[in-house]
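Participant: Note that the protein sequences, when read in sequence, are chains A and B. Taking our numbering, I'd label the letters of the first sequence as residues 7 to 413. Taking our numbering, I'd label the letters of the second sequence as residues 7 to 413.
Do not rely on the hints blindly, as some may be mistaken.
Intra- or inter-copy, both count: the list cannot distinguish identical chains.
To be verified - Derived lysine-lysine pairs resembling DSSO-like cross-links, with alpha carbons at most 30 angstroms apart:
hint, residue 1, residue 2
1, K63, K291
2, K406, K275
3, K163, K406
4, K63, K387
5, K67, K359
6, K359, K30
7, K359, K63
8, K131, K359
9, K9, K176
10, K255, K73
11, K359, K98
12, K387, K73
Quick caveat, the hints were computed from the structure, so don't treat them as lab data.
Protein chains: 2
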Amino acid sequence: MKKIEGGVTAAKGFLAASAAAGIKYKDRKDMAMIYSQTPCKAAGTFTTNIVKAAPVKWDQKIVADSKGVQAVVINAGIANACTGAEGFGYCKETARTAAKVLHVSEDGVLVASTGVIGMQLPMEKLTAGIEAMAPRLDGSLESGTEAAKAIMTTDTKKKETAVEFTAGGKTVTLGGMCKGSGMIHPNMCTMLSFVTTDLNISDELLKAALSEVVQDTYNMISVDGDTSTNDTVLLLANGQAGNPEITEKNEDYYTFLAALYEVNETLAKKIAGDGEGCTALFEVKVVGAENKDQAKILAKSVITSNLTKAAIFGHDANWGRILCAMGYSGAAFDPEQVDLYFESAAGSLQIIKNGVALNYSEEQAGDILSQQSVTVIADIKMGEASATAWGCDLTFDYVKINADYRS
Amino acid sequence: MKKIEGGVTAAKGFLAASAAAGIKYKDRKDMAMIYSQTPCKAAGTFTTNIVKAAPVKWDQKIVADSKGVQAVVINAGIANACTGAEGFGYCKETARTAAKVLHVSEDGVLVASTGVIGMQLPMEKLTAGIEAMAPRLDGSLESGTEAAKAIMTTDTKKKETAVEFTAGGKTVTLGGMCKGSGMIHPNMCTMLSFVTTDLNISDELLKAALSEVVQDTYNMISVDGDTSTNDTVLLLANGQAGNPEITEKNEDYYTFLAALYEVNETLAKKIAGDGEGCTALFEVKVVGAENKDQAKILAKSVITSNLTKAAIFGHDANWGRILCAMGYSGAAFDPEQVDLYFESAAGSLQIIKNGVALNYSEEQAGDILSQQSVTVIADIKMGEASATAWGCDLTFDYVKINADYRS
Chain A
7 MKKIEGGVTA AKGFLAASAA AGIKYKDRKD MAMIYSQTPC KAAGTFTTNI
57 VKAAPVKWDQ KIVADSKGVQ AVVINAGIAN ACTGAEGFGY CKETARTAAK
107 VLHVSEDGVL VASTGVIGMQ LPMEKLTAGI EAMAPRLDGS LESGTEAAKA
157 IMTTDTKKKE TAVEFTAGGK TVTLGGMCKG SGMIHPNMCT MLSFVTTDLN
207 ISDELLKAAL SEVVQDTYNM ISVDGDTSTN DTVLLLANGQ AGNPEITEKN
257 EDYYTFLAAL YEVNETLAKK IAGDGEGCTA LFEVKVVGAE NKDQAKILAK
307 SVITSNLTKA AIFGHDANWG RILCAMGYSG AAFDPEQVDL YFESAAGSLQ
357 IIKNGVALNY SEEQAGDILS QQSVTVIADI KMGEASATAW GCDLTFDYVK
407 INADYRS
Chain B
7 MKKIEGGVTA AKGFLAASAA AGIKYKDRKD MAMIYSQTPC KAAGTFTTNI
57 VKAAPVKWDQ KIVADSKGVQ AVVINAGIAN ACTGAEGFGY CKETARTAAK
107 VLHVSEDGVL VASTGVIGMQ LPMEKLTAGI EAMAPRLDGS LESGTEAAKA
157 IMTTDTKKKE TAVEFTAGGK TVTLGGMCKG SGMIHPNMCT MLSFVTTDLN
207 ISDELLKAAL SEVVQDTYNM ISVDGDTSTN DTVLLLANGQ AGNPEITEKN
257 EDYYTFLAAL YEVNETLAKK IAGDGEGCTA LFEVKVVGAE NKDQAKILAK
307 SVITSNLTKA AIFGHDANWG RILCAMGYSG AAFDPEQVDL YFESAAGSLQ
357 IIKNGVALNY SEEQAGDILS QQSVTVIADI KMGEASATAW GCDLTFDYVK
407 INADYRS
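Isolated chain A (complex conformation):
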């Protein structure tokens, strides 16, 4: 497997376009479209929030029943959540419009929305956007990058990545884009992410692979503990790489799984590192756990602790808050066995041994915590399992963005 340039248009046969439809933002693109020249097998994972946005309900049905997906239509600015039957009708209308201009089946069109909850979509603008994008679809890396920019809301960076690997003697490409910055908390998946591949694989294994990979990637990030109404990860495979169809969990499947893990971990970390208002990516590794679930619960509890996140913002080695967050996580461990380390580009430092502070240098700890990516490693000395979670610091700007978001 190797990392390559590009995103959602990296794989063979995938085109993208974007448009400024004026849905909410001024002077920027706010719609994107992904199109595959041939029908795709599709897998999706969606928010576990009971309050599901209309596009989530639409996509769940399409992913389960569709004979082949060919397009995804995405808008930023309005989430189409808490919009009742009217909102769901707009998903159908969006799909119908796209199906007409793209000459595909209505049940081959997925839709996704992100933005303010509770407002209805301005359908005239959306329709105009779709009609404008269709003739502009192309497979260049630039069009993928433009699409990645068009789906941003409070994001400050566009997020895309791609890899190449070999299956059945053929070169296969897997690439994706995502957006997400606030209302980010691990529970199934917590943002919009679109991953495309030219791999030839059975529908069943495509879905199995996505379900497995989201557990350790998107489900291990958090910005603010709020699980969104719109979270969606879509994975489309059009088979154009020409490899023999993968129909069992053989070596090719596991190669694909590793590539999918790489792409999704990269995208998930991009979301955590671009959390609303944040200044640092905050990574927590729990090692020496009895089992993976225990390690995950502990790691997630630390990255979601407001007090710990504020301490990271302050570059303050306030390790007591980390131990405290592990303690209320619900996972069992012995606090008096814990070793704790801080790590970043500025070095590595052990802070606690067997639950009690070492005589470490506060200055050195402050230096380590002043980097753009900061890691805490907690060794609980109970076994061999480990897990990693990704979050970000809690800053003035997070509060500012979210006190002002609708205005």
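Using the hints, position chain B against chain A.
Facilitator: Just chain B now, with coordinates in the frame of chain A:
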């Protein structure tokens, strides 16, 4: 029952004192002592965090085994948490010193600490503080108020309350003080609270009453989702009101329970309303629930949502975030049945009917949300049960306080 002036010294036979021991803060009192002229029955509820501070471990043993509690020694500035065997030894030493100067038994002394995690207590200063306080003990309301001030950390207001009621023909007084502002999240109890009464009641019923009342009071508040290592509620009853001992759940018991609820709800709301950096008390009532547990889960999910809290700070009627937080709470309900109201001193306004926004006035909603105490009422139309939770808004100052706290 009637509300009266005072706090921890309101009930007969309870004295208090405070001192500036210089443990961490300069130019302010940072130690307090509560003393009962006669031995008390004691009940306590403590943090569920696995990482328990040394004083929590000490008090759990005393409350379970003591033949009669006569004193509580409290310090602010250092939490004596994550301090290993050395820290636990300091609890014993504190109790021994207090027992000596007060001429009581060592196992009749409770201890409580609040402040920075991971530092050892400066025992010389603590000992000097205890020796200074003992001769100053008195039963005036002022000495209770001074004690309530001495136990503050990031609190901006001292917190005390008292009520009077009748049992067995005698006037009974119940009063308390508490502190708490950050690392506040409902799980058993989440701060330091000390409640005293001259009621005569059996040990068993005293403990039962406290356990019942904390569920709907301290366990329904949150400032930041972080369950502390030190959370402690202590309830002392010295019997000096002279009522016949309450030994069964009769009318007197339920009168006491109502008084205890009143005192603890008042104290709990004072904590939520003085949450670190906050500008408003944020109350959420869920009504029309199938059962109380469901109502509690929903109400707590909303008061702990960072996004909702930031919207309250921004006086923004961003009701989508409230519905979203209910949706990821884990409790089942139908979003399309929910009615939502905002309420405060500035009026009452329905925002949502059956899950969809009404055409309400944003200006009027903004006015309602600009008050110092703001209530959201969510009617889920499934039954008759209800619950209330209390939190606060998320502000720049919360981040500032917690990025800087140790320095």
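Participant: All hints, please: hold or fail.
Facilitator: Evaluated hints:
In the homo-oligomer, the alpha carbons of K63 and K291 lie at most 30 angstroms apart only across protomers (29 angstroms), although the nearest pairing inside one protomer, at 34 angstroms, exceeds that limit. Taking the closest pair of Cα atoms, K406 and K275 come within 30 angstroms of each other both inside a single copy (23 angstroms) and across two copies (26 angstroms). Taking the shortest alpha-carbon separations for K163 and K406, both the intra-copy value of 18 angstroms and the inter-copy value of 26 angstroms come in at or below 30 angstroms. Proximity of K63 to K387 under the C-alpha cut-off of 30 angstroms is restricted to the inter-copy arrangement: shortest distance 23 angstroms between copies versus 44 angstroms within a copy.
Taking the shortest Cα distances, K67 and K359 sit within 30 angstroms of each other only across copies (27 angstroms), while inside one copy they are farther apart (52 angstroms). Proximity of K359 to K30 under the C-alpha cut-off of 30 angstroms is restricted to the inter-copy arrangement: shortest distance 25 angstroms between copies versus 52 angstroms within a copy. When the C-alpha separation of K359 and K63 is checked against a cutoff of 30 angstroms, the pair qualifies only between copies, where the shortest distance is 21 angstroms, while the shortest distance within a copy is 49 angstroms. In this assembly of identical chains, K131 and K359 lie within 30 angstroms of each other by CA distance solely across copies; the values are 27 angstroms between and 60 angstroms within a copy.
For the homomeric pair K9 and K176, the shortest alpha-carbon distance inside one copy (16 angstroms) is at most 30 angstroms, but the shortest distance between copies (80 angstroms) is not. Taking the closest pair of Cα atoms, K255 and K73 come within 30 angstroms of each other only inside a single copy of the chain (23 angstroms); across copies the shortest separation is 67 angstroms, beyond that limit. In this assembly of identical chains, K359 and K98 lie within 30 angstroms of each other by CA distance solely across copies; the values are 24 angstroms between and 58 angstroms within a copy. Proximity of K387 to K73 under the C-alpha cut-off of 30 angstroms is found in neither arrangement, the shortest distances being 50 angstroms within a copy and 40 angstroms between copies.
In this structure, the one hint that does not hold is number 12.
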